[in-house]
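Visitor: As a plain string of letters, each chain reads:
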Amino acid sequence: MAEAAFATQISAAAQPLLAVQNLEAWYGESHVLHGINFDVRPGEVVTLLGRNGAGKTTTLKAIMGILPKRKGSVTFEGTETIGLPSRAIARAGIAFCPEERGIFSSLSVEENLMLPPQVKPGGMSVEQIFDLFPNLKERLSSQGTKLSGGEQQMLAIGRILRTGAKMLLLDEPTEGLAPVIIQQIGRTIARLKQEGFTIVLVEQNFHFASSVADRHFIVEQGRVIDMIPNEELDANIEKLHGYLGV
Amino acid sequence: MFELLGIPPQALFGQLLLGLINGSFYAILSLGLAIIFGLLNIINFTHGAQYMLGAFVAWMLLTYFGVPYWGALLLAPVLVGIKGVIIERLLISRLYHLDHLYGLLLTFGLALIIQGLLRNQYGISGLPYAIPPQLSGGQNLGFMFLPNYRAWVVVASLVVCLATWFVIEKTRLGAYLRAATENPTLVGAFGINVPRMITLTYGFGVALAAFAGVLAAPIYAVNPNMGADLIIVVFAVVVIGGMGSILGAIVTGFGLGLVEGLTKVFYPEASSVIIFVIMAIVLLVKPAGLFGRTA
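Taken in order, these protein sequences are the chains called Z and S.
Taking my numbering, the leading residue of the first sequence gets 1, the next gets one more, and so forth.
Taking my numbering, the leading residue of the second sequence gets 247, the next gets one more, and so forth.
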């Protein structure tokens, strides 16, 4: 029932920037995604919520094209990307910040920051990134992995802001971080939204998710089973707790 | 002091120079192997054959086309490098999803085929390649005689090694290479064409081997087996330096060449095994190699 209501909401949504339909994906033999459906409008922040192992991270990886096998449909700015290699998806303007952050230990902080090539005009300047994350400026010549967890997360987000990609996939940016850093990341996401970025956020931290997102998609066993707009969150809190098992 | 040890300086410095020359080849070859292993994760057993091909192509360019040494020094690495690119695209790239062992077997087989073909055509007696006239002769340094060509080999390989190190450690291109060595998937997800980078890296590593082959042509006879003899020692050098370490490959290459030279002076009987003895000790004490990072 919830699924039907949710499907109507999708069709009502005007001109999504990213539309994911019947997305399936595999890790080797194991079938992880069984048909993910959701869409993201330009300038929106949406979250994928769900229990561990529900398929949230896999969904981001499948959108990014870094899984060996996927099918279904992922359209970005109206263009089908399901058959493209991940480098072409990046070039189309989608940027990915992985859960493990992916800071390169053989690169300095500066080299890590400058690594992703510009794929579109209009990316943030290095100065603007330092404005968001002043810590990075102090540590440019350090080895990338010598940074604290929080600084590594800032570096992982900062480096994809340079590329000009306007669609960001952020996988658990608050995982394992101190509350004060989480607040800083939250302010950053709010500011990125203001500047017109569109963001898909995978989160375990429900409180954090509700403070930054417009809509929440609930992922369970490789499917999106519900969508809750942020303003209706309070009314649906019981249902949500049921989904997340908290 | 040298006379005190019963060794005339001529002999000492002569062997040190010889060690430095061998070290030059060890360094360039192990550098190429280290770069290839870092990014492709295969142990390129064809490396010796590609070094030998560099010398052969230089010889062919001179004999059949009249291209002199300096032209060959540029052209032979390019030609052999292109052959490497074709081999990577056609054969090696099909093995990345399999165990290391398959890459090793494939490249070992390729080396045997290349050597066999050339042996069939040119025999094993070795073909002479003259020292370029600009570099014939030598300098009397007082304590020893320094042939110009040998000095050139040491300088040229040092320059090539340091330039390669600089590009890999200090430039944007090198940052891509290092990042792709660590996490090729993520580098691809940033929009970088990793497969093309892998192909070009293999081509470059092969070109380095061919460059060493051209340098070697006037010193050693151009012979289908010249690479097979050398590559075993080079593998020992790579193991001692640590797989995948750029600076390690260079320093260990030159260093072990010198150690080998000194052994020839002080205890000649051990000179052909000293590198393997060192390898065994290093493996016992520091299995990742002197410059290797433990994974």
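These are calculated hints, taken from the structure and not from any lab test.
No experiment lies behind these values; they were computed from the predicted model shown.
Careful, some of the hints might be misleading.
Residues from chain Z shown here face chain S by an in silico Cβ test under 10 Å; the list is partial [to be verified]:
(1) I82
(2) S86
(3) A95
Covered stretches of chain S, going by a simulated chain Z footprint (3 or more residues, C-beta under 8 Å) [unchecked claim]:
(4) 419–433
(5) 442–456
Every residue, glycine too, gets a C-beta built ideally from N, C-alpha and C.
Visitor: Compare the structure with the hints numbered earlier in the document and write down the numbers of the violated ones, lowest to highest.
Guide: Of the numbered hints, 1 and 5 do not hold.
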